[in-house]
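Q: Kindly generate the complete structure, drawing on both the sequences and the hints.
Heads up: the sequence lines are chains A and B, in that order.
Residues 875 to 1052 in the working numbering are what the first sequence spells out, letter by letter.
Residues 875 to 1052 in the working numbering are what the second sequence spells out, letter by letter.
If you're looking for bench data, these hints aren't it; they were derived computationally from the structure.
This one's a predicted model, so the numbers in the text were calculated from it and none came from an experiment.
A few of these clues could be false.
If several chains are the same, the list does not tell them apart, and a pair holds so long as it fits within one copy or across any two.
Claimed, not checked - Calculated pairs, SDA-like style, for lysine to any residue (alpha carbon to alpha carbon, straight line, at most 25 Å):
hint : residue 1 : residue 2
1    : 885       : 916
2    : 903       : 878
3    : 885       : 896
4    : 998       : 966
5    : 998       : 970
6    : 885       : 991
7    : 903       : 884
8    : 998       : 1017
9    : 885       : 990
10   : 1036      : 890
11   : 1036      : 904
12   : 1007      : 969
13   : 998       : 918
14   : 885       : 901
15   : 933       : 1027
16   : 998       : 968
2 protein chains.
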Amino acid sequence: MHVEFSDVIQKRRSTRKFTDTRISRDVIKELIRAAQMAPTASNLQAWRFIVADDLVIVKQVCMFSPGISGHPPVVIAVASDLREVEERGSENSIRYGCMMDAAMAAENLMLAAADRGLGTCAIKSYNPTAVKKILRIPDYFRLELLVTLGVSENETAAPARKPLEKVLFWNSGDERNV
Amino acid sequence: MHVEFSDVIQKRRSTRKFTDTRISRDVIKELIRAAQMAPTASNLQAWRFIVADDLVIVKQVCMFSPGISGHPPVVIAVASDLREVEERGSENSIRYGCMMDAAMAAENLMLAAADRGLGTCAIKSYNPTAVKKILRIPDYFRLELLVTLGVSENETAAPARKPLEKVLFWNSGDERNV
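A: In structure tokens, the structure reads:
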């Protein structure tokens, strides 16, 4: 049940209410493979994906993540392995490179989920110390964001996007150019 | 000539050699629309897209961007409007929210380009002061990254991705779990 790319871009929504349908590990593996295909600065590939699909652990993560809503059956923590960054990356990889890599990988993952009719939500509001402890994430992994995953309970409309003329400038950011 | 989502994810490459084929503004507008469909924390939509397609300006941007290679006909600067962030966002929007929004929007844009057979490359190595001056980007826009766009001169293979067992952990980041 795969669909055209442009439909997937439109279909992806931030899901905030999930059914209790479990997601198979084979599906999750495919989503992680899609995430890995995102660009990665200096080919660092420092992202790591810690997937909570044990419902006891998922519940604990949710308790310490105010940003999570709707009881997802799966939470994926996207982290950067700072040992690898220190070995092969630069100061800038730590400052922003890895964070942007993680965001692009997460977007691929969320689109790949939408392609399979699954819902996701990117989460930045969580207690990183607690989440790292629950998921036994080592000190040298930096948590970049969480992604919740599951079957959406309801279809929601995307919030309207700004009209193009508010966000697009040709050759000059000078506002008289809009 | 639109293709299945999963093929687009595989097809996207970082293009470092472009032909001199011009890209129409209608196509660029569609790519920006795809970018706008990415998630945006707190529905902030603070991203702004300053598109250089005037070849004189493109050349100037390239001169101050060591990360750019292969003579792209178009460079798109992805920026965050900090006025909007200060009005409606939080401290965290400035620290990382906008940067991650910009990265996800850029990934959508690059995938939408791949869907149309176009090449792109995300660039973080540039002189932000010079680029902002050339593109007359106002002080209250923060430059997040550049994306080059055009027709790829040659097809290149993607660098091999790490095997899944190196990057995927189930329920615990403890390495014994791998």
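Q: For this structure, which hints from the list above don't hold up?
A: none
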